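Novice: Residues per chain, in single letters:
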Amino acid sequence: EAGVAQSPRYKIIEKRQSVAFWCNPISGHATLYWYQQILGQGPKLLIQFQNNGVVDDSQLPKDRFSAERLKGVDSTLKIQPAKLEDSAVYLCASSLYGRAMDTQYFGPGTRLTVL
Amino acid sequence: AQKVTQAQTEISVVEKEDVTLDCVYETRDTTYYLFWYKQPPSGELVFLIRRNSFDEQNEISGRYSWNFQKSTSSFNFTITASQVVDSAVYFCALNERDKIIFGKGTRLHILP
Chain U
1 EAGVAQSPRY
11 KIIEKRQSVA
21 FWCNPISGHA
31 TLYWYQQILG
41 QGPKLLIQFQ
51 NNGVVDDSQL
61 PKDRFSAERL
71 KGVDSTLKIQ
81 PAKLEDSAVY
91 LCASSLYGRA
101 MDTQYFGPGT
111 RLTVL
Chain V
1001 AQKVTQAQTE
1011 ISVVEKEDVT
1021 LDCVYETRDT
1031 TYYLFWYKQP
1041 PSGELVFLIR
1051 RNSFDEQNEI
1061 SGRYSWNFQK
1071 STSSFNFTIT
1081 ASQVVDSAVY
1091 FCALNERDKI
1101 IFGKGTRLHI
1111 LP
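Chains U and V supply the protein sequences, listed in that same order.
In this text, residue positions in the first sequence follow the working numbering: the first is 1, and each later residue adds one.
In this text, residue positions in the second sequence follow the working numbering: the first is 1001, and each later residue adds one.
For the record, the hints were derived by calculation from the structure and aren't laboratory data.
Heads up, some of the hints might be wrong.
[As the list claims (entries may be wrong)] Here are the simulated DMTMM-like cross-link-like pairs (lysine to aspartate or glutamate), alpha carbons at most 25 angstroms apart as the crow flies:
id, chain 1, residue 1, chain 2, residue 2
1, U, Lys78, U, Glu14
2, V, Lys1070, V, Glu1044
3, V, Lys1003, U, Glu14
4, V, Lys1038, U, Asp102
5, V, Lys1104, U, Glu14
6, U, Lys15, U, Asp102
7, V, Lys1016, U, Glu68
8, U, Lys78, U, Asp56
9, V, Lys1099, U, Glu14
10, V, Lys1104, U, Glu85
11, U, Lys44, V, Glu1096
12, U, Lys44, V, Glu1015
[Claimed, not checked] Computed footprint of chain U on chain V, listed as stretches where at least three residues anywhere in the stretch have a Cβ under 8 angstroms from a Cβ of chain U:
id, segment
13, 1010-1017
14, 1026-1034
15, 1051-1065
[Claimed, not checked] DEER-style ranges, computed between Cβ atoms:
id, chain 1, residue 1, chain 2, residue 2, range
16, U, Ile38, V, Glu1015, 27 to 35 angstroms
17, U, Lys71, V, Lys1070, 37 to 45 angstroms
18, U, Asp63, V, Gln1083, 44 to 52 angstroms
19, U, Ile12, V, Glu1017, 23 to 31 angstroms
20, U, Asp63, V, Leu1111, 21 to 29 angstroms
21, U, Ser58, V, Leu1048, 25 to 33 angstroms
22, V, Ser1074, U, Leu96, 23 to 31 angstroms
23, V, Arg1028, U, Lys44, 36 to 44 angstroms
24, V, Ala1007, U, Met101, 36 to 44 angstroms
25, U, Val73, V, Arg1028, 29 to 37 angstroms
26, V, Glu1026, U, Gln41, 45 to 53 angstroms
27, U, Gln41, V, Asn1058, 41 to 49 angstroms
28, U, Pro8, V, Val1085, 23 to 31 angstroms
29, V, Lys1099, U, Asp63, 18 to 26 angstroms
Here the structure is a predicted model, which means the values were calculated and not measured.
Don't be surprised by glycine CBs; every beta carbon is placed ideally from N, CA and C.
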């Protein structure tokens, strides 16, 4: 069974530029998550989708970050415009139903460097 | 409020030694789930184990074992006879009410 796919793996941009990340979850998983992991810290949830609806985006900086999961499968996370403090690894994860008991499976992440 | 504390920021041991990674959590709920993930240098978080709050039985999987004690709110992880391939950052996580929070991780160095 294929795991969570993410692209690109690495991205370097200048501040104020835009960037987009793509994620394809494990087939059949209803719940998709985007996390931000700053160096030396644990992952922090940015947004959680259940199918194509948003369940939790309370920690998403909505003035610059946006995400969509239009057909309830793959998802795109966008940053516009990027700031230096956005440098981090962006991890996508998926789980079967999004319940507390469900294991989240993670993709390889996208390492973003903002110069 | 939920909180996960991994007090050990970084640990170094010589290969074949045993090592224990500590995890202490805080929660007001009686139903919750605990997880351990491994993050090797490649960056992907790899699922290791899930435990629910009603199952305090310790678990062993090969060289890995987990000790869950509700009385001390701890869920510690032991690697027996460590190997260089065990070098990674290990995260403990708590999920209650469908919200997961990760600890800051423990970076483990296994020296040859």
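Novice: A separate judgement is required for each hint: does it hold in the structure or not?
Specialist: Evaluated hints:
1. Under the criterion of a C-alpha separation no larger than 25 angstroms, the hint pairing Lys78 of chain U with Glu14 of chain U is consistent with the structure, at around 15 angstroms.
2. In summary, the hint linking Lys1070 of chain V to Glu1044 of chain V is not supported, as the alpha carbons are separated by about 29 angstroms, beyond the 25 angstroms threshold.
3. Among the hinted pairs, Lys1003 of chain V with Glu14 of chain U is inconsistent with the structure: their alpha-carbon atoms are about 35 angstroms apart, more than 25 angstroms.
4. In summary, the hint linking Lys1038 of chain V to Asp102 of chain U is supported, as the alpha carbons are separated by about 17 angstroms, within the 25 angstroms threshold.
5. At most 25 angstroms may separate the alpha-carbon atoms for a hinted pair to count; Lys1104 of chain V and Glu14 of chain U exceed this at roughly 28 angstroms.
6. Between Lys15 of chain U and Asp102 of chain U the alpha-carbon distance is near 37 angstroms, which puts this suggested pair outside the 25 angstroms criterion.
7. Only pairs whose Cα atoms come within 25 angstroms are accepted, and Lys1016 of chain V paired with Glu68 of chain U is rejected, the gap being roughly 47 angstroms.
8. Distance hint between Lys78 of chain U and Asp56 of chain U is fulfilled; the C-alpha atoms sit about 17 angstroms from each other, no more than 25 angstroms.
9. A C-alpha spacing of about 33 angstroms is found between Lys1099 of chain V and Glu14 of chain U, which places the hinted pair above 25 angstroms, so the restraint is violated.
10. Distance hint between Lys1104 of chain V and Glu85 of chain U is fulfilled; the C-alpha atoms sit about 18 angstroms from each other, no more than 25 angstroms.
11. A distance of roughly 15 angstroms separates the Cα atoms of Lys44 of chain U and Glu1096 of chain V; the hinted pair therefore holds under the 25 angstroms criterion.
12. Distance restraint check for Lys44 of chain U and Glu1015 of chain V: the Cα-Cα separation of roughly 32 angstroms exceeds the 25 angstroms cut-off, and the hinted pair is therefore not satisfied.
13. Requiring three or more residues with a Cβ within less than 8 angstroms of a Cβ of chain U, the coverage given for the segment 1010-1017 of chain V is violated, as only 0 such residues are present.
14. By the rule of at least three residues with a Cβ nearer than 8 angstroms to a Cβ of chain U, the coverage given for the segment 1026-1034 of chain V holds, with 3 such residues.
15. For a cut-off of 8 angstroms, the count of residues in the segment 1051-1065 of chain V with a CB near a CB of chain U stands at 1, and the three-residue condition is violated.
16. Against the hinted window of 27 to 35 angstroms, the Cβ-Cβ separation of Ile38 of chain U and Glu1015 of chain V comes to about 31 angstroms, which satisfies the hint.
17. Range check, Lys71 of chain U to Lys1070 of chain V: Cβ separation about 42 angstroms, and the 37 to 45 angstroms hint holds.
18. About 46 angstroms separates the C-beta atoms of Asp63 of chain U and Gln1083 of chain V, a value consistent with the hinted range of 44 to 52 angstroms.
19. Under the hint 23 to 31 angstroms, the C-beta atoms of Ile12 of chain U and Glu1017 of chain V, about 39 angstroms apart, miss the expected range.
20. Taking 21 to 29 angstroms as the suggested C-beta distance range, the pair Asp63 of chain U and Leu1111 of chain V does not conform, at roughly 46 angstroms.
21. Between Ser58 of chain U and Leu1048 of chain V the beta carbon distance is about 28 angstroms. The supplied range of 25 to 33 angstroms therefore holds.
22. The beta-carbon spacing between Ser1074 of chain V and Leu96 of chain U, approximately 28 angstroms, falls within the hinted interval of 23 to 31 angstroms.
23. For the pair Arg1028 of chain V and Lys44 of chain U, the beta carbons lie near 21 angstroms from each other, so the given range of 36 to 44 angstroms is not met.
24. Between Ala1007 of chain V and Met101 of chain U, the C-beta spacing of about 27 angstroms breaks the proposed range 36 to 44 angstroms.
25. Restraint check, Val73 of chain U to Arg1028 of chain V: a C-beta distance of roughly 36 angstroms satisfies the suggested window 29 to 37 angstroms.
26. A C-beta distance of roughly 18 angstroms is found between Glu1026 of chain V and Gln41 of chain U, which places it outside the suggested range of 45 to 53 angstroms.
27. Evaluation of the 41 to 49 angstroms hint for Gln41 of chain U and Asn1058 of chain V yields a failure: the beta carbon distance comes to about 29 angstroms.
28. Between Pro8 of chain U and Val1085 of chain V the C-beta distance comes to about 27 angstroms, which sits within the given range of 23 to 31 angstroms.
29. Range check, Lys1099 of chain V to Asp63 of chain U: Cβ separation about 23 angstroms, and the 18 to 26 angstroms hint holds.
In summary, the numbered hints that this structure violates are 2, 3, 5, 6, 7, 9, 12, 13, 15, 19, 20, 23, 24, 26, 27.
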